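Q: Listed below are the residues making up each chain.
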Amino acid sequence: MTDDTRVLGLAGLQALIDALGLRGYTVIGPTVRDGAIVNAPISSLDDLPRGIGDEQDAAHYRLRDRGDEALFGFAAGAQSAKPVLFPSDELLWRSRRTADVTVIDREVEPPPGPPYALIGVRSCDLRAILMHDQILLERTAADVHYAARRAESFVVAVACTDPAGTCFCVSMDTGPSPRGGYDLALTELYADGEHRFVVAVGTDRGAEVLAEVAATTATADDVAVAERVITEASGRMGRALQTDGLKYLLYANVESPHWDDVASRCLACTNCTLVCPTCFCTSVEDVTDLTGVNAERHRVWDSCFSEEFSYIHGGSVRESTRSRYRQWITHKLAAWEDQFGSFGCVGCGRCITWCPAGIDITVEAAALRGTPRKTSQRS
Amino acid sequence: MTSLAEHDHADAAAHALAAGDAMLPRPYRVVRTRQDTRDTVTLQLEPVDGVPLKFSAGQFTMLHAFGVGEVPISISGDPTKEGLLEHTIRNVGSVSGALVAAAPGTILAVRGPFGTGWDVSDGMGGDVVFITGGIGLAPLRPAILELLANREKYNRVALLYGARTPDDILFGDELRKWADLLGIVVEVTVDSGPHSWRGRVGLVTQLIPRIAFDPANTVALVCGPEVMMRACATALRGRGVPAASIRLSMERNMKCGVGLCGHCQLRELFICVDGPVLTYERLAPLMSRWEL
Ligand SMILES: Cc1cc2nc3c(=O)[nH]c(=O)nc-3n(C[C@H](O)[C@H](O)[C@H](O)COP(=O)(O)OP(=O)(O)OC[C@H]3O[C@@H](n4cnc5c(N)ncnc54)[C@H](O)[C@@H]3O)c2cc1C
Ligand code: SF4
Ligand code: SF4
Ligand code: FES
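Same order as they appear, the protein sequences are chains Z and E. If you count the first sequence from 1, position 377 lands on 377 in this note's numbering, and the numbers rise without skipping. If you count the second sequence from 1, position 94 lands on 94 in this note's numbering, and the numbers rise without skipping.
Any given hint might turn out to be false.
[Unchecked claim] Chain Z stretches covered by chain E per the calculated footprint, using a threshold of three residues with CB under 8 Å from any CB of chain E:
| id | segment |
| --- | --- |
| 1 | 4–11 |
| 2 | 37–44 |
| 3 | 90–97 |
[Unchecked claim] Derived Cβ-Cβ restraints for the label pairs, each shown as a range:
| id | chain 1 | residue 1 | chain 2 | residue 2 | range |
| --- | --- | --- | --- | --- | --- |
| 4 | E | Val31 | Z | Gly292 | 18 to 26 Å |
| 5 | Z | Val287 | E | Thr80 | 34 to 42 Å |
| 6 | Z | Glu227 | E | Val51 | 53 to 61 Å |
| 7 | Z | Ser264 | E | Arg164 | 16 to 24 Å |
| 8 | E | Ala10 | Z | Gly51 | 35 to 43 Å |
| 9 | Z | Gln242 | E | Gly83 | 52 to 60 Å |
| 10 | E | Ala10 | Z | Asp65 | 35 to 43 Å |
| 11 | Z | Val287 | E | Ala10 | 30 to 38 Å |
| 12 | Z | Glu227 | E | Glu226 | 49 to 57 Å |
By construction, these hints were calculated from the structure, which means they are not laboratory data. Since we're looking at a predicted model, the values are computed, not measured. All C-beta atoms in this analysis are idealised placements derived from N, C-alpha and C, irrespective of residue type, glycine included.
Chain Z extracted, bound-state conformation (with noise of 0.2 Å):
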């Protein structure tokens, strides 16, 4: 944290969301939706989850009473950003045929749907974001919808305080405060019955929005105190993954007997791929009209575990749940190493919350750790 480090009340935190309102972001926040913490379009303080917790473990999630006033008192929700930049289904182009004209639109100007203010990004899924612009801005061809929606957005990042039973951002080096990448980021504190917002600057474009609001700047003890409830935090992390020569483990395991265990739990239910902040994996779809003079392509997410993802005709390459969870947890931890120089799991745990199965990449991690390396005669 740096000298500009200011503090926000309630009303500071309200008149932040105002601000941004008046920018004309969409300002997206945490709600409570039918038992869960899901991201929705918020104007008030009022719709953030006051005095909310959540319990997490594998194939677990419930919320609970805090017992205090807390708005940010919870882990990963649900989803992470990814819906918002990234959505499940976009419109690519449209065509219109007749008998003599074809004519193919895009619908990228103006970028679709008003800028978005993302509030209370985890840090976890900010670096999934960065990792999407690194993967969907910043190679060979870039995604233009998530190009257009990103350059707009704004990002109001939260640091955990309270880490739920399948969180590991700090094995994977990503949380649980927020080090870069934001646009201004919150640290909630609520010593001495005062309910205050520690706010670090990442930005112009952020210092000028908290220009607009009263923010006081930071005390000495203000700093202090936010850097203890981090640290606490960073201690009370659910789950752990040991990640020294995680790439050599999973490739030298690429036979293992282990793969067989894990696909006799397997569903191949793509749960993990969806809620997963940093999965990528997209398909397309052609709709056509009754006419035939009216088609539209679009992407949609996709996921490496279902069986027509690696169709080749013939047969799809990756036949067998044991060879999709292998690509799974190999992508994540090994490969996307390879490909983009960092882990592809940012460590939020919402593939272990949200397994029906309980599967959970840090025990099987750990289990191929201990299964000795065996080649097998399969090829």
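Take the given structure of chain Z and dock chain E with the ligands to it, following the hints.
A: Relative to the frame of chain Z, chain E with the ligands by itself:
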């Protein structure tokens, strides 16, 4: 990964927007079609906007039949001449079926060209061996034509080609011309043939020991089903061709062709961008694993 402090997403996004939409195709009109075999058709296409497509031998496009779908198809035309875009397509399913049925005048949509090329010119001054099975001859044809445009710069050149039956042999007239006039050793084999077939029957790999080349100074370009490519690579290694001089064109499910959709991944490789043409040196450890 860029360090977080340096990361400027707005700049990256602006750059990405300026570069254009790789998922947006250009309309092409089918000018001519040629029925090559029972199930295979060559389409010649011209861009509706008039700007011809430049490509390297070995590259592919994403070819779209409106309302049906889009599939990766290698370019089978001559890379040394500016002209119509050529694709040779075998009918195996819904999209390829719609493409082979496209009559002259039909509008299709094209994205690309994408992927790595054969770089056949690396074989200049030495020997070149082309090995292919089935429809795999189509993706190799541009490399053969590129070589022929400079035939004198290469030493011995051989084409080993395996087809299912004599009726499935692609580009038959051209094969004869290459053999008779252009100094290419062309060896064809079929899986099975009628009594009247006087040529060879058997696997294309069995032809490898029959031809002469200098292993240390040979570039081998192989295109066909994965099991066939593995067997050929093994046989070539057996004759002493370095793994780095053996190039294979890999096939994977592809939904984007530009590294975005994730479908074509082979461990750390995106076959659409890092391939489809890759050296056996790179592929050997990945090809020997089940369902990778
Ligand atoms: C780099 C590359 C170059 C190719 N070049 C040629 C070529 O020059 N000529 C040619 O005839 N074929 C080529 N193919 C194969 C061609 O893409 C498939 O035959 C085609 O996708 C089959 O689609 P379908 O809808 O007709 O078949 P279906 O069996 O109905 O397939 C359904 C879907 O699965 C996927 N799929 C099926 N088979 C393949 C496959 N072999 N490769 C990739 N995706 C597949 C496609 O998305 C397809 O739409 C190439 C493939 C790749 C990857
Ligand atoms: S793999 Fe699991 S823990 Fe890791 S980022 Fe994805 S959902 Fe979160
Ligand atoms: S390959 Fe699987 S694990 Fe990797 S990004 Fe795609 S869906 Fe996620
Ligand atoms: S085809 Fe989409 S990533 Fe390669």
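Q: Give a verdict on every hint.
A: For each hint, the structure was consulted:
1. Coverage of the segment 4–11 of chain Z by chain E is violated. Counting CB-CB distances below 8 Å, 0 residues qualify, and the rule asks for three or more.
2. Counting residues of the segment 37–44 of chain Z whose CB lies closer than 8 Å to any CB of chain E gives 0, which falls below the minimum of 3, so the coverage claim is violated.
3. As drawn, the segment 90–97 of chain Z meets chain E at 4 residues by the rule of a beta-carbon pair under 8 Å; at three or more, the given contact holds.
4. At about 23 Å, the beta-carbon gap between E/Val31 and Z/Gly292 stays in the expected band of 18 to 26 Å.
5. Range check, Z/Val287 to E/Thr80: about 40 Å between beta-carbon atoms, so the 34 to 42 Å window is met.
6. Z/Glu227 and E/Val51 have their C-beta atoms about 59 Å apart, which keeps the hinted 53 to 61 Å range intact.
7. Restraint check, Z/Ser264 to E/Arg164: a C-beta distance of roughly 40 Å breaks the suggested window 16 to 24 Å.
8. A hinted range of 35 to 43 Å holds for the C-beta pair E/Ala10 and Z/Gly51, which are about 36 Å apart.
9. About 58 Å separates the C-beta atoms of Z/Gln242 and E/Gly83, a value consistent with the hinted range of 52 to 60 Å.
10. For E/Ala10 and Z/Asp65, the Cβ-Cβ distance of about 40 Å falls inside the hinted range of 35 to 43 Å, so the restraint holds.
11. Between Z/Val287 and E/Ala10 the beta carbon distance is about 33 Å. The supplied range of 30 to 38 Å therefore holds.
12. In this structure, Z/Glu227 and E/Glu226 meet the distance hint of 49 to 57 Å, their C-beta atoms being roughly 55 Å apart.
Taken one by one, the earlier hints fail for this structure at numbers 1, 2, 7, listed in ascending order.
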